[in-house]
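Chemist: From first to last, the protein sequence lines stand for chains A and B. Each residue of the first sequence is one higher than the one before, starting from 1 at the first, in our numbering. Each residue of the second sequence is one higher than the one before, starting from 365 at the first, in our numbering.
Hints were generated in silico from the structure; no laboratory data involved. Errors might be hidden in some of the hints.
[Unchecked claim] The calculated lysine-lysine pairs, modelled on DSS-like cross-linking and capped at a C-alpha distance of 25 Å, are:
| hint | chain 1 | residue 1 | chain 2 | residue 2 |
| --- | --- | --- | --- | --- |
| 1 | A | Lys3 | A | Lys16 |
| 2 | A | Lys42 | A | Lys156 |
| 3 | A | Lys358 | A | Lys156 |
| 4 | A | Lys67 | A | Lys270 |
| 5 | A | Lys42 | A | Lys159 |
| 6 | B | Lys471 | B | Lys458 |
| 7 | A | Lys203 | A | Lys156 |
| 8 | B | Lys494 | B | Lys380 |
| 9 | A | Lys67 | A | Lys134 |
| 10 | B | Lys458 | A | Lys16 |
| 11 | A | Lys251 | A | Lys270 |
| 12 | A | Lys16 | B | Lys494 |
| 13 | B | Lys380 | B | Lys471 |
| 14 | B | Lys380 | A | Lys16 |
| 15 | A | Lys338 | B | Lys421 |
| 16 | A | Lys338 | A | Lys291 |
| 17 | B | Lys420 | A | Lys338 |
| 18 | B | Lys371 | A | Lys16 |
| 19 | A | Lys338 | B | Lys417 |
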Amino acid sequence: MNKTILYDSHIALNAKMAPFGGFEMPIQYEGIFAEHFATREKVTIFDTCHMGEFTMDGPNALKDLEKVLSCPVSSMKIGQCRYGFFCNENGGVIDDQITYRFGENEFFIVVNASTQDNDFDWVESHISSDTLLKNISKETGKIDIQGPLSVKLMNKLLKNPITGLKYYHWMHNIYNDVPVIVSRTGYTGEIGFEIYIDSNWTKNFWDDCLNCGAQPAGLGARDTLRLEMGFPLYGHELDMYRNAAESGFSKSIAVSKSFIGSTAVLNSEKQKDVLCGILLDGRRAARSHDKILNKSASEIGIVTSGSYSPSCETAIALGYVNKQFGTIGEKVLIDNGKSQLPGTIVELPFYKKSTARKNISEFI
Amino acid sequence: MGTSSSKTPNDRKFTKTHEWVKIEGNIAIVGISDHAQHALGDITFVELPSIGKQVKKAQSCATIESVKAASDIYAPISGEIIESNNALETHPEKINADPFEQAWLFKIKNINPSESADLLDADAYDEFAKSE
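Chain B on its own, in the form it takes in the complex:
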């Protein structure tokens, strides 16, 4: 619980607010980093965006709560929500266990992939997370 230490994958980009975004064709998959889940501790609640919601890069679109605090999740890229990982609503602890694969948060369509150009790659993110 809260102790996983997955290696930061280099098939995706990262925000300074600790979300990751993986672009597969026209779809962006979004989650939070291992560093973020570790800092939050045991995650107890998630509120995910509803399907069809328009999200804007850097705007809050979901909430994650741990025992101690509530944190906003910011969209790493603009577009429209096409799917949320509803299994997390009853098992939010999956975010602690597997933040990079099983516990993705939501998927976005109608994206402009160039919007992710200014996000961090894995090495730059690790460096940034370490300095925080």
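Isolated chain A (complex conformation):
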């Protein structure tokens, strides 16, 4: 089992640890609820060093990336980040990722932990011989700083003000004379940042955040936060066998270019289901693989993620529902084998008070 560079810090903080994506990761410190609300109301830090980072450059890097990514790349300005998929020829998702445009033909790609080696080999097999793809995951530390107080914290710890940084944009910055990359991205729905830093300096930065009052948060809270936003988790909402377009992330799927898998992804006959948010009537959680039934008890879909939602104070779930039934307001039953939990298909996100896209000046 791999350990991140912050492993000893988690043990010292008495975190509950568990394997995730091939790494021994913190699930919770104080508790999932406490960490969830600290993210919504204050500021938390997440160890995301397990995730993979690649750089890609060369005269054909842009052209190559257009070929392997579902999202449009040429329209990105230098300084922007974009969410998209690597797809297989059947239209399934090999991984979801965020690309950062560093230069005209210079990119930085952030991928999931468990998929990173496979992603690397797959991308490498599809790019030009003069495009250089490098896996820099080992030497790159990554920490997510999320929540309304994250702006003040970052301004305190970094040399250059981050005040001008827009949603889904990145900038160069300096921490203790060390160059870092900071993006205004995250997986919680709150205003926040992801920082990429030399792994030798990662623990310093983590400790500085804690000393400034940030609370450590684990994968438990990360999951309830992302679920309330309707964000997909690879292996749950996205996988090799599920057509990428069924996820509903239409902005991440370009219709005006050809990319690997695009014929299958854009073939509407392959889009049988639609990803839906289901608000349950009660507190009992639906779980991944539970069946979704319609009013007349016919099976119309399957749950991919489910949990009690600390912010909505009821159970919520994501699942794929047959297109014919996957409409807002549709009443459903979730069958967990023991009982049937009533719920309604609702518009995403479940949580409506997200600060992620707000004007950064409101948080200074």
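Given the structure of chain A, go ahead and fit chain B onto it with the hints provided.
Modeler: Using the frame of chain A, we list chain B on its own:
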């Protein structure tokens, strides 16, 4: 939340599945241990047995869910349910806060107190929980 560390009380017995049972006359009061609530983390849902239900020692008769998982609760002793702590249905987090007193789960009548003879006392339970 999930961080209380109540001392294991010695006025009751414990199962290896982490329930406690306190016998008061002809009535058995049942809950889960502090170790159990701590291991479960934030508790989000409880399903308690209905009044009149016959329960059998070591058989599942209630469910507790935390953010991450659902767990069965086993009757520590046989008998008939006479009361469930319905306040927990809207405030299951009370189990995290006070598992030994306020957040008892249910009460059983028509019991045979000798059935609790093979259950663990506080010291033996603490030892067992530590070894798990």
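Chemist: Taking the numbered hints from earlier one at a time, note which ones the structure violates and give those numbers from smallest to largest.
Modeler: Going through the list in order, the structure violates no hint and respects every one.
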